[in-house]
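Starting from the two chains in their separate frames, assemble the complex, guided by the hints.
Protein chains in written order, with the UniProt record's numbering: chain H, 1 to 280; chain S, 1 to 277.
Don't take every hint at face value.
Rough simulated footprint, nothing fancy, chain S against chain H, three-plus residues with beta-carbon under 8 angstroms [said to hold, decoys possible]:
| no. | segment |
| --- | --- |
| 1 | 7 to 13 |
| 2 | 69 to 83 |
| 3 | 124 to 136 |
| 4 | 200 to 213 |
If you are wondering where the hints come from, they were derived from the structure by calculation, not from laboratory data. Every residue, glycine too, gets a C-beta built ideally from N, C-alpha and C.
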Amino acid sequence: MQKSIKKYFALFALPTILAFLVIFVIPFILGIYLSFTKFTTVNDATWVGFRNYVKAFSNKEFLNALWFTVKFTVVSVISINVLAFLLGLLLTRGKKGTNLFRTIFFMPNLIGGIVLGYIWQLIINGVLIHYDLTMTSNANYGFWGLVILMNWQLIGYMMIIYIAGIQNVPKDLMEAAQIDGANRFRILRSVTLPMVMPSITICLFLSLSNSFKLFDQNLALTAGAPAKQTTMLALDIYNTFYGRVGWEGVGQAKATVFFVLVALIALVQLVITRRKEVEN
Amino acid sequence: MQKARAKDYIIFIIMLILSIIFLSPIFIVLLNSFKGKFFISDTPFQLPNGSTSVGLENYTGGVAKTDFFSAFGMSVFITVFSVAVIVLLTAMTAWYITRVKGKFSSIIYYAFVFSMIVPFQMVMFTMTKTANMLHLDNPIGIIFIYLGFGAGLSVFLFSGFVKSIPLEVEEAVMIDGCGPVQAFFKVVFPILKPIAITVAILNVMWIWNDYLLPKLVIGTEYQTIPLAIQYLKGGYGSIDMGAMMAMLVLAIVPIIIFYLFCQKYIIEGVVAGAVKG
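Pulled out of the complex, with its shape left as it was, chain S reads as follows (with noise of 0.2 angstroms):
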């Protein structure tokens, strides 16, 4: 028992000591966001002192300079509305595909699986010039644009978890007068809910984070957080470090909270897509 007891003490120490490590590169990022832009490349292991301090500078500077706010609220506004689409009309899509049994929809169903190993590099240049040509070049069109690429892996999540669904249920729905809408949202959508958490964080993750699709399609006139950032570096490698600490912190800050929040939802859920994925 005391044997037990020393491993136990040992093991926690050990993994202290690594957390501690795994966590340092975020503090280091933090603590150089307090300091004068000279002095962060030479010096970037010293705490922050009288005379390499700048208190909040580097912040107001790299809001100013990359219009922070306005990417944030756009980062917020596409991944929310992108990710409810997709939610919404994948889980229709999936439950349609798999109870019409028929060619047309193992078609679409192996349409839709074969899309997942394709790299966006492959559709890169081809999917950014019918975006301009159909004007999907802006905030709501790029909601459109992600449901085609999300749909791959999200019908593929709810199908699998529909086949599990016994057909007794909404055929006794049905019987008792519900249409196909009815039947859908009143009794199978609350069914998909777990499967439906992890489709949401799954392209939450992806959107939130995306750098090259809205590069591409919007970037010339709307940025995300991660195009602000990218944008810090200028054309001649010539970055204001200062101001790339602070918006490196307000960029992790937001994750960390929600991390926090649904920190339960987003460990399964990623375990979950990665399993069936």
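Looking at chain H on its own, in the form it has when it is part of the complex (with noise of 0.2 angstroms):
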């Protein structure tokens, strides 16, 4: 059976990989080649070696945004995870509606960054001309509005994974639990946590790395402002290739910086997830 659907190659895999050597593979290798040149075009690379890394970690902006990622992206996942924890928790003891709520909750995930980011912005504006102020006259809103923000997006879709694991604890185990005298706390500490790990460790990583690449919603809200203090990583890089003349290739070192981090964060998932299926 191999050796027929070998020959027709051309028709069932061909066009598939033809698009991702081009738009992937020959741009990826390409793009850290570039990453130790100066160029403008890609025609025009001359080699430098370490200088584009070594002038993106001396790069002000870089840090910060590094810093600010890094920042939002802990403050984001504890709530978001919490948050969507105790809502699945609420939403498995509840009876009534619960279709409709998870409905509810769920929906904000399907709306794209940029309409989610001017969403946030009128509302968190609308509370702060109160007080004379908008968004970007200090980096605190543009933070605190973009944990809000992805809090509102992200806790619905993790609480429906939840729910999922929730649902997976086996009854006789809470009801043997309880026989022995455990109170609801108890429960949830000895029975029922351990039992939703493997949802809690895909609920950590979906959330972390979402927060990280985080993009589109960045540029909606606050684009940066004020003088770029709410810049994160993948907007900084957007912002050293096409805002500055002569810095794509530093731009280049900076999404390189920012692929290795992306990709250290997958490979512990992948580590954790393995570790914990030989156990089971």
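In structure tokens:
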């Protein structure tokens, strides 16, 4: 059978592989190469060694964006997952209207980042105007604005994954704990939490990589204002490429660093998930 | 029994209040889309009344300003064709590399998996240059670009599913005289339907909402909905808030309608994608 399928390589596999090569593989390899060169149009690249990386790491805007992104990611991941888990618990306890509530909480996840950004810009500015302020008066407002936006977008999504996890906890395990005299908090800590660990791992990494790579929401909500203080990594890379002539090489170096960080996060996730699977 | 019922009731009330809070941002935008542009920033939480209401003026003005309907048409065109192409071609590719075992197939498979962890910014600049060079910077070419970028996750999801299909099914059909092409379309593809729905939904959500890729590739000549909305912001921070509110509403409405119709598939698809990815 293999042989007869193999004859149809050009029909089955070639179109996708061709698109993948041209649109991903070649640009990716070219990108790594260009991060070690100075260029403006790809064709005029001259080798500069690690100079772009040195420039990137001594670039105040990049370091500021890195720190802002890390801070934002930590705060968002914790708040999203705590709130989503609590909502999931409540929804699995209640009986009335569970489906309706699930539908409502999940909805913001479908709205695009640019639209989300402008929705929350209106609301946050509307609150701040009472104090004669706007979101761009202080970088803290932009920070918390992004955190609120991200919570609104992702809570429902994470909640649904948690609900699936909670519903998979065997009923007799709960009953056994109850008979042994465990109170509700104890059951949550010693039965529910360990049993939903796989869901927690998934949600942690989903919210982590979504927060870390955020671009559209950042662009629409503050666009980095005031004075680029609320610029996240992805936006800073974009600005370096398209806002600063002669810095394309540095932009590519920043992008490569960004890639390495994202890949590290994914690698850690893979190792943790693998270890869990072995234990089970 | 009585106690359990009371508890149910309390949870229901809490959830109801939370749902209203959750939905309020959308309603606030909707209300403001009927107000004059100078009243929106100052008093966004007041209902439109006689002196602040402008009827549908924001809608007509915004639609004209952004050429919204052609942006809408462009979004539909790019999303529908890209997703159709991705679902069909990546299903075929996944079947091929799963069934034809060998070094080549496994290298290709791991390259697809690897591409899932690479952030867009890494290839943003070089991909845009490549697209320009190959004249892919038009609404047809962008379908090819989305195929290249969407291939990783889609092939990965399809491959996982193909592995679970017993070989005997395909072998039986092929012994009966069907070629691989017929076997795939008559037998394999229908079995793939559940995962194909997941792949389609994940890609629709990505491509419909995508901003940066179309902006860089076709943004100088064509607009999709996210581009049209960002365009309203203008260069110097002066936003026509009235038009902005109306366009936000027009951008959200199709998504909500789509969501209400395919809700079950969307939630299941997104969760399946998350758990396997």
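Mind taking a look at whether chain S covers the segment 7 to 13 of chain H? Criterion is 3 or more residues with CB to CB distance under 8 angstroms. holds (count 6)
Count the residues of the segment 124 to 136 of chain H whose Cβ falls closer than 8 angstroms to any Cβ of chain S, and tell me whether that reaches three. Contact hint for the segment 124 to 136 of chain H vs chain S: holds, 3 residues under 8 angstroms.
Do three or more residues of the segment 69 to 83 of chain H come closer than 8 angstroms to chain S, measuring C-beta to C-beta? Violated: only 0 residues of the segment 69 to 83 of chain H have a Cβ under 8 angstroms from chain S.
Within 8 angstroms of chain S (C-beta), three or more residues of the segment 200 to 213 of chain H: holds (count 3)
Going through the hint list in order, the structure does not satisfy hint 2, though it satisfies all others.
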